[in-house]
Amino acid sequence: MRPNLRLALGGAVALALLVVALVSLVWTPEMPFTRVRIPLRLRHPLAAGLLGTDHFGRDVLSLLMRGAFSSLSIAVPAVAIGACIGVAIGCTAAMLRGAFDTIVLRIADVVFAFPAVLSAIMLGAALGSGPAPATIAIAIFNVPVFVRVSRSAALQVLAMDYVAAARAVGRSAAAIGWSEVLPNIAGLLVVQATIQLGLAILAEAGLSYLGIGVRPPDPSWGRMLADSQTFLTQAPHLAIAPGVAIALSVLGLNLLGDGLRDALDPRLRR
Amino acid sequence: MYVRLRSAASLLRSVLLRLCGLVLTLLAVSAAIFLVIDVLPGDVASVMLGTSAREDTLAALREQLGLDRPAHLRYLAWIGGLLTGDLGQSVTYSSPVATLIAERLAVTAPLAAMSLALVVLIALPLGVAAAASQDGPVDRLIGLFGQIGVAVPNFWIGLLLILAFATGLGWLPAGGFPGWGAGIGAGLRSLVLPAVALALPQAAVLTRIVRTATLDVIGQDFVRTARAKGVPGTVALTRHVVPNALVPIVTILGLQLSFLVAGAVLVENVFNLPGLGRLAYQALAQRDLVVIRSVVLLLAGLVIAVNAAIDLLTLAVDPRLRRSR
Numbered sequence: 659m660r661p662n663l664r665l666a667l668g669g670a671v672a673l674a675l676l677v678v679a680l681v682s683l684v685w686t687p688e689m690p691f692t693r694v695r696i697p698l699r700l701r702h703p704l705a706a707g708l709l710g711t712d713h714f715g716r717d718v719l720s721l722l723m724r725g726a727f728s729s730l731s732i733a734v735p736a737v738a739i740g741a742c743i744g745v746a747i748g749c750t751a752a753m754l755r756g757a758f759d760t761i762v763l764r765i766a767d768v769v770f771a772f773p774a775v776l777s778a779i780m781l782g783a784a785l786g787s788g789p790a791p792a793t794i795a796i797a798i799f800n801v802p803v804f805v806r807v808s809r810s811a812a813l814q815v816l817a818m819d820y821v822a823a824a825r826a827v828g829r830s831a832a833a834i835g836w837s838e839v840l841p842n843i844a845g846l847l848v849v850q851a852t853i854q855l856g857l858a859i860l861a862e863a864g865l866s867y868l869g870i871g872v873r874p875p876d877p878s879w880g881r882m883l884a885d886s887q888t889f890l891t892q893a894p895h896l897a898i899a900p901g902v903a904i905a906l907s908v909l910g911l912n913l914l915g916d917g918l919r920d921a922l923d924p925r926l927r928r
Numbered sequence: 019m020y021v022r023l024r025s026a027a028s029l030l031r032s033v034l035l036r037l038c039g040l041v042l043t044l045l046a047v048s049a050a051i052f053l054v055i056d057v058l059p060g061d062v063a064s065v066m067l068g069t070s071a072r073e074d075t076l077a078a079l080r081e082q083l084g085l086d087r088p089a090h091l092r093y094l095a096w097i098g099g100l101l102t103g104d105l106g107q108s109v110t111y112s113s114p115v116a117t118l119i120a121e122r123l124a125v126t127a128p129l130a131a132m133s134l135a136l137v138v139l140i141a142l143p144l145g146v147a148a149a150a151s152q153d154g155p156v157d158r159l160i161g162l163f164g165q166i167g168v169a170v171p172n173f174w175i176g177l178l179l180i181l182a183f184a185t186g187l188g189w190l191p192a193g194g195f196p197g198w199g200a201g202i203g204a205g206l207r208s209l210v211l212p213a214v215a216l217a218l219p220q221a222a223v224l225t226r227i228v229r230t231a232t233l234d235v236i237g238q239d240f241v242r243t244a245r246a247k248g249v250p251g252t253v254a255l256t257r258h259v260v261p262n263a264l265v266p267i268v269t270i271l272g273l274q275l276s277f278l279v280a281g282a283v284l285v286e287n288v289f290n291l292p293g294l295g296r297l298a299y300q301a302l303a304q305r306d307l308v309v310i311r312s313v314v315l316l317l318a319g320l321v322i323a324v325n326a327a328i329d330l331l332t333l334a335v336d337p338r339l340r341r342s343r
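Taken in order, these protein sequences are the chains called A and B. Residues in the first sequence are numbered consecutively from 659, following the working numbering. Residues in the second sequence are numbered consecutively from 19, following the working numbering.
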C-alpha cells in the first residue's frame, strides 16, 4: 500500500473513531443507549435498528458507539501514562548511561514479561477490578516499550554536533533533554504512541471480555463479545459488530502509525 | 587450539553471567509479585473473604496463611516452598496449588506448543515467500494478512472459529476439554480451534519479521555469490538465506511468548478450557491470592526463562553476539 494512502486511510479511521466516541456522549440512535426493551431482544440487523438488538433489547449500534468512548477512555490515558513514564526513564538512561542504563534496560525486559492481562489480574487481586486497574495495567505494559524507543532515539540525538555545542556553552543536562532531545524524538514517539494506542484498544477489549475492564452498564466492545457468546447460535450477529469495530480501529491506528513513520522518515520504508 | 579454548571460555563466561542474571531477575519478579499481591492489599484475609466475613473465619484464614508473621519471612517461606514444590493450599479449591498447576499445565502446555508450532508453520513460508517476491502481488497479499492479523483480537477469532467450525459445520468441539484420559485424539481435537485462534495474530506479527529478516540476508554478498555460482533461487533461499535469518526470527518468537501467555488467558476462557490462564482468571474471581501469586509467577517466569534460553541459544549459534551484548 502506498504510504500516502496508508496515512489517509489510517487517519480517516482514527478520526472516525474519535468522532464516534465523542458524538456518543451526546447522541446515539437509541437514547439512552442503556434502554432495555425485552420485547425487541435478539433482533437481527435491520429488524430493529441498523445492527439489531442484544439480549436486553438494547440497540447494538448505540452500544457500539458508546463502546468506542469506553475503549478510548482507557486506552488513551494508559498510553499517555506509559509514554510519559517511559520517555522520562528512557531519556534519563540515555543521558546518564552506565549502571543506571543497564539496570533500566534489565527492568524494562522484566516488565515486558508481564502482559497487560497478567498485570490486570495481579492488580485486580490487590486493588479490585475496574477501569482504573485496567488503565494502570495497560500503562505498565507500555512503559518498557517507550523506555526502549526513547532511549535508542535519544542516544542518536545525543551524538549530534548541536548537542555537543549546547554542552559546550554550558547548558544543563535537563535543559538539553528538554529543548534538544525531546523535540527531535517527538515524531518517533508520536508514531509509537499511535501503534501502542491500537495495542491498548486490543488489551482493553481483552480485559473487558474477561470482565476486569469497563464495568456494566457502560458498554465495551470486549464485554459485548463476551455477552454474545451465550447467544452464538441464536444471534450470531452480536459476535460480529464489536469484533469488526475492534479490528477496524486497530488496523486504522496501525496504518496511521506506519504512514506517519514513512512520512517522517522515508528511509524506513520497506 | 588456543583460539578454540578461548572461544569456549568466552561462551562459558557468557552462559554463567546470563544464568546469574536469570536467577536475580526471577527473584526480583517474585519479590514484585509478592509485594503487589501479599503486601499492597493490607489485610490479605479480608481481601480473600470480603469485608463482611466473620472475625473468627478471618482469624482462622490469617493463621492458615501465616499472616501473623512479618512480610519478609512470608516471602522467604513462599520462595522456599517454590523450591520444594510446596506452593501452599488453595482456599477455593481446597487442594495444593502445585497439584492445581500441574493439572492445568497439562492443558496449557500442549496448547502453547501447538500454537507456537502453528505460528512457525504459517509465518516462515509466508514471510520467505513475501521476501522472495518483494513488492509483487504475493508480497502485497501476505502484507495484507500481516496488517489484518495483528489487528484482530484472538478471542474474537476464537468466537468466529466456533461459529464456523463448531456450531456451523460441526467439525470440531465448541469448547471444553475431555481430559487426556478420553484419548489423545479427543484431547487434541478440543485444542485445535483454540490453538488456531491463539496462533493467527502472532503468525501475522512473525510473518512481517521473517520477511524483513529474509530481505536483510538476501541483500548480502554471500547470497549474491551463491546465486552467481549458479545455485538455484529456492536452494539459495532454503540453504543460505533462511538459516542466516533465523537469529532475529527466534528472538522475536521468544518475545511473542509473552503475548501467547496473555492470549492463553483469553482463549482458554472463550473455549472453556481448564488451563493455567483460566485458573488465573478463576482465582481472581474467587480472590484466591495464594493461587494467583504462584500462577502469575509461573507464567511471567516462563516468559523470562524462555527468553533467556533463546538468548543463550543465539549466543551458541552466533559467536559475534558474545562480545556485542
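Rather than coming from a laboratory, the hints here were simulated on the basis of the structure. Given the structure is predicted, the values throughout are model-derived calculations rather than measurements. Be a bit skeptical, because a hint or two may be false.
Just so you have them, the derived chain A footprint on chain B, three or more residues with Cβ under 8 angstroms [to be verified]:
{"id": "1", "region": "136-150"}
{"id": "2", "region": "207-218"}
{"id": "3", "region": "252-259"}
{"id": "4", "region": "273-282"}
{"id": "5", "region": "320-331"}
A few chain A residues facing chain B, derived, Cβ under 8 angstroms [unchecked claim]:
{"id": "6", "residue": "L683"}
{"id": "7", "residue": "A771"}
{"id": "8", "residue": "G864"}
{"id": "9", "residue": "L883"}
{"id": "10", "residue": "T891"}
{"id": "11", "residue": "A893"}
{"id": "12", "residue": "L909"}
Quick partial rundown of chain B residues pointing at chain A, CB under 7 angstroms, derived from the structure [said to hold, decoys possible]:
{"id": "13", "residue": "L53"}
{"id": "14", "residue": "I55"}
{"id": "15", "residue": "L58"}
{"id": "16", "residue": "L85"}
{"id": "17", "residue": "A298"}
{"id": "18", "residue": "L302"}
{"id": "19", "residue": "I310"}
Ideal Cβ placement from N, Cα and C applies to all residues, glycine included.
Hint by hint, which ones does this structure get wrong, listed from lowest number up?
1, 2, 3, 6, 11, 13, 16
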